[in-house]
Structures are given as structure tokens and as C-alpha cells.
Amino acid sequence: MNIGLALGSGASRGWSHIGVINALADQGIVPDIVCGTSIGALVGASYVSNNLENLEGWVCSLTKFETARFFEINTSLNGFVNTERLHHFLNEYVASDNVAIEDLAKQYATVATDLETGREIWLTKGSVLEAVWSSMSLPGLFPAIKNNNRWLVDGGLVNPVPISLCRALGADIVIAVNLNGDIVGKHFQHPKNPIKQDTGIVKKITNLVTEYTASVFSTAKVENQPPSLFEAIAGSVNITQDRITRSRMAGDPPDILLSPKLSHIGLLEFYRANETINEGKECVQRMQPEIHHILSMA
Numbered sequence: 003m004n005i006g007l008a009l010g011s012g013a014s015r016g017w018s019h020i021g022v023i024n025a026l027a028d029q030g031i032v033p034d035i036v037c038g039t040s041i042g043a044l045v046g047a048s049y050v051s052n053n054l055e056n057l058e059g060w061v062c063s064l065t066k067f068e069t070a071r072f073f074e075i076n077t078s079l080n081g082f083v084n085t086e087r088l089h090h091f092l093n094e095y096v097a098s099d100n101v102a103i104e105d106l107a108k109q110y111a112t113v114a115t116d117l118e119t120g121r122e123i124w125l126t127k128g129s130v131l132e133a134v135w136s137s138m139s140l141p142g143l144f145p146a147i148k149n150n151n152r153w154l155v156d157g158g159l160v161n162p163v164p165i166s167l168c169r170a171l172g173a174d175i176v177i178a179v180n181l182n183g184d185i186v187g188k189h190f191q192h193p194k195n196p197i198k199q200d201t202g203i204v205k206k207i208t209n210l211v212t213e214y215t216a217s218v219f220s221t222a223k224v225e226n227q228p229p230s231l232f233e234a235i236a237g238s239v240n241i242t243q244d245r246i247t248r249s250r251m252a253g254d255p256p257d258i259l260l261s262p263k264l265s266h267i268g269l270l271e272f273y274r275a276n277e278t279i280n281e282g283k284e285c286v287q288r289m290q291p292e293i294h295h296i297l298s299m300a
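Residue numbers (the working numbering): 3 to 300.
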């Protein structure tokens with residue numbers, strides 16, 4: 003019996019995948035097939051590359067300041083992620099550039115979206131890092147990735163929880179982790195320091211950075227303050243992925259569905275890893291009777 007693990011998208015909420023994988027292992031459940039979308043692709047790749055323990059140690063030490071260093075204000079308008087720093091992180095805690103999917107001990111694949119056609123793209127061979135990077139290129143934060151003459155972006159736009167991909171690779175039982183089941187409309191943040199008028203260009207840039215970091219990380223709410231750019235992006239992504247996930251799972255439900263309660267975690271709050279990992283573990287524990295019942299019947 004082949005067990006497939008479908009790790010869903012959800013940005014910073016994705017660290018809960020670490021807790022899920024560890025909790026399943028504690029119960030003697032080790033997947034044969036691992037498929038991921040976006041942050042699920044990253045955590046899944048780290049797991050199948052035997053780097054998960056190192057990844058967990060690093061994310062649990064992450065601070066607000068360290069998280070902010072992964073983002074930069076630039077004039078290219080391609081995205082806000084510092085790709086050089088991200089590349090170093092992926093090499094250190096996910097996989098090196100020369101690791102191919104075909105060389106992994108477990109079956110592994112990711113989902114991306116063809117930006118031109120809107121088609122769902124399954125990445126089942128080639129560079130692990132390219133598969134991860136393509137799957138997690140969230141529009142507005144990451145630049146699109148060129149792959150086989152196609153521009154690819156975040157797979158969460160078409161298949162946020164890759165159950166279908168697990169089944170296509172031969173999974174008899176699919177355990178799916180949906181990070182977006184309770185998030186729509188529940189996490190709007192408002193900046194403490196709205197951008198101010200000033201004639202100095204340096205001051206304007208400083209205020210822009212202040213507004214950016216506040217909108218990403220602050221929890222204070224200002225009455226009648228319209229959503230920031232990043233709140234709008236986050237809310238739109240949440241709505242899209244929730245609706246698509248519901249539709250896809252209605253037609254192709256998993257055998258076991260794990261839905262960690264993560265509505266209090268913001269899209270880019272990667273520094274809250276301890277909370278998200280613990281909730282991943284607790285979610286598996288809550289579902290333990292059902293998990294073992296289904297596996298025993300298979």
C-alpha cells in the first residue's frame with residue numbers, strides 16, 4: 003500500500019507541515035509519495051532530501067527582523083523577495099542546486115501554474131530547487147520562473163492541495179494537509195504608521211519601507227483604515243485558494259484530511275514557526291483515531 007502526502011499551500015502557515023510530518027512519523031506513518039504546492043513544495047522537498055530537522059531548527063529561530071531581510075523594496079516591480087538570500091536559504095535547508103527529483107529516495111513532485119495559459123503544471127523530474135521555486139512563485143512577491151519556455155507561478159492558483167498529483171503518482175491512500183480551511187476574512191492587519199507626505203526622496207523611501215514592514219508585521223488596527231497593498235494581496239490569495247481547494251476536494255477528496263487551525267497566522271508571519279509547527283502536531287493527534295481506522299481498513 004502506497005501512502006501519499008499532499009502538502010498544501012499557505013505561505014507562513016506552511017511550517018505546520020513540519021509538525022504534521024513529525025507527528026505522523028511518531029505514529030509509524032511514513033509516506034511513500036510526497037507532493038507539494040507552494041510552501042508545501044518547499045517543506046516536502048526538505049523532507050525527502052533529509053533536511054527537515056535542519057529546516058525546523060532554523061525556522062524556529064527566525065525573528066521578525068530576519069524575516070524582513072528576505073524582502074526588499076526594489077524598482078523592478080518583479081517582486082519583493084530577495085532572491086539571492088532565498089536561494090542561499092534553499093541550498094542550506096532544502097536541497098543543493100544539483101539534486102534532481104529522479105535521485106530522491108521517495109517519489110516527489112510539485113504543482114505550478116503556467117502564467118500564459120493558466121494550465122496546471124506537474125513538475126515530476128529535473129531540478130528539485132527549480133520545482134520548488136516554480137511552485138512557490140506567488141505573484142506580487144516572487145518573479146515568475148522560466149521553465150521549458152513557460153513562465154511559471156504559484157501552484158496554489160490552480161491546485162492548492164495536490165491530491166490529484168499524489169493519486170497520479172500511484173498513491174493508494176492520500177493524506178492531505180489543507181492550510182486554508184478557516185482563513186477567509188479572518189486576518190486583516192492595519193499599519194500603525196500610514197505613509198506620510200514629505201518632499202525629501204530619502205524620507206519618502208524610509209516611509210515606504212516603514213509602511214511596508216508595518217503592514218506585513220503589525221497587529222494594531224486603525225479604524226476606517228483601508229487595507230494595505232499586502233493585506234489586499236493576502237486576502238485575495240486566501241479567497242482564491244479557499245474556493246479552489248473546496249472545488250477540487252469536492253471532486254477528488256483525500257482519504258484523510260488534516261486541517262490545522264491557523265487563521266490567526268498572517269500570510270508572511272514566517273517567524274511564528276513554533277506556533278504553526280505545534281498546531282500541525284496537535285492536528286494529527288486530534289485525528290489519530292480516524293487516521294488509524296482508515297489505514298487499518300486499507
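The set of hints was computed from the structure by calculation and includes no laboratory data.
Honestly, I wouldn't trust all of these hints.
[Unchecked claim] Straight-line distance between alpha carbons at most 20 Å, and here's what the computed PhoX-like set of lysine-lysine pairs gives: (1) K263 x K283; (2) K127 x K148; (3) K108 x K127.
Right, here's what the structure says about each hint:
Between K263 and K283 the alpha-carbon distance is near 11 Å, which keeps this suggested pair within the 20 Å criterion. The straight-line distance between the Cα atoms of K127 and K148 is roughly 15 Å, inside the 20 Å bound, and the hint therefore holds. The hinted pair formed by K108 and K127 meets the criterion: a straight-line CA distance of about 12 Å does not exceed 20 Å.
Hint compliance for this structure: no hint is broken.
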